[in-house]
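Take any residue in the sequence shown, count from 1 to its spot, add 87: that is its number in our numbering.
In case anyone wonders, no lab produced these hints; they're calculated from the structure.
Just so it is clear, the structure is predicted and the values come from calculations on it, not from any experiment.
Think of the CB as a built atom: it goes at the ideal place given N, C-alpha and C, for glycine as much as any other residue.
Misleading hints may appear alongside valid ones.
The calculated label-pair distances, taken between Cβ atoms and stated as ranges, are [said to hold, decoys possible]:
1. Ala93 to Gly257: 28 to 34 Å
2. Gly122 to Glu157: 41 to 47 Å
3. Thr155 to Gly90: 27 to 33 Å
4. Leu151 to Ala111: 36 to 42 Å
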Amino acid sequence: MAGLVAAYADRSRTPRLEYLPALAPDVEPALLAGGFTVEARLPMMVCRPADAVPQPIPDGIEVLVPETDEELTGLVTAQHEAFNQDGPADGAGIRRLLAAGGLAVLARDARTSEPAGAGVATAVHDGTTELAGLGVRERYRRWGIAAAITWELSRLAGRAGVTTAFLTPGGDVAERVYARVGYAGADEMLHISR
88 MAGLVAAYAD RSRTPRLEYL PALAPDVEPA LLAGGFTVEA RLPMMVCRPA DAVPQPIPDG
148 IEVLVPETDE ELTGLVTAQH EAFNQDGPAD GAGIRRLLAA GGLAVLARDA RTSEPAGAGV
208 ATAVHDGTTE LAGLGVRERY RRWGIAAAIT WELSRLAGRA GVTTAFLTPG GDVAERVYAR
268 VGYAGADEML HISR
């Protein structure tokens, strides 16, 4: 336990894990005994990209892979607003994710190019990727944008060799959106920190 906490401290990071407790049932009691606190237990949903259900792109919206600095910044701006996060909207982290083999999708107003929503997927590892940061700005919600972003990321993941994509919905509404795209409950993801 001390080595784990020290490794995080050496990197100026908060000791935090996200994992499947069913695969390692002895880990959670040890972490709790070591001063960790459960942050959340989230459903984990999975989908084979080949089985994902195509979703329409809403009228007036375009969905694209961001390439320019403006598009990358727009992606981060959309995520920050969707998740009520502060901080600079810097696309450098997304550029690094893409360079490492990750995926990113930006949904924006087709007329004004205003960012509407976004999502990313981790670099493929053993045919697997995690979709994350799927969010839509408040004024664009309930248009079907989240489903379109999820579908496009799933489609791109399949083209990148992914056989299993997974995600953890933040609530019932998100869970229903992902289910429309073909994601189904598979397990529970534990978020725990100290």
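Here is what the structure says about each hint:
At about 31 Å, the CB distance of alanine 93 to glycine 257 agrees with the hint of 28 to 34 Å. Range check, glycine 122 to glutamate 157: about 44 Å between beta-carbon atoms, so the 41 to 47 Å window is met. In this structure the supplied range 27 to 33 Å is violated for threonine 155 paired with glycine 90, their Cβ-Cβ distance being about 43 Å. Checking the proposed 36 to 42 Å range against leucine 151 and alanine 111 shows it holds: the Cβ atoms sit about 39 Å from each other.
The earlier numbered hint that this structure contradicts is number 3, and it is the only one.
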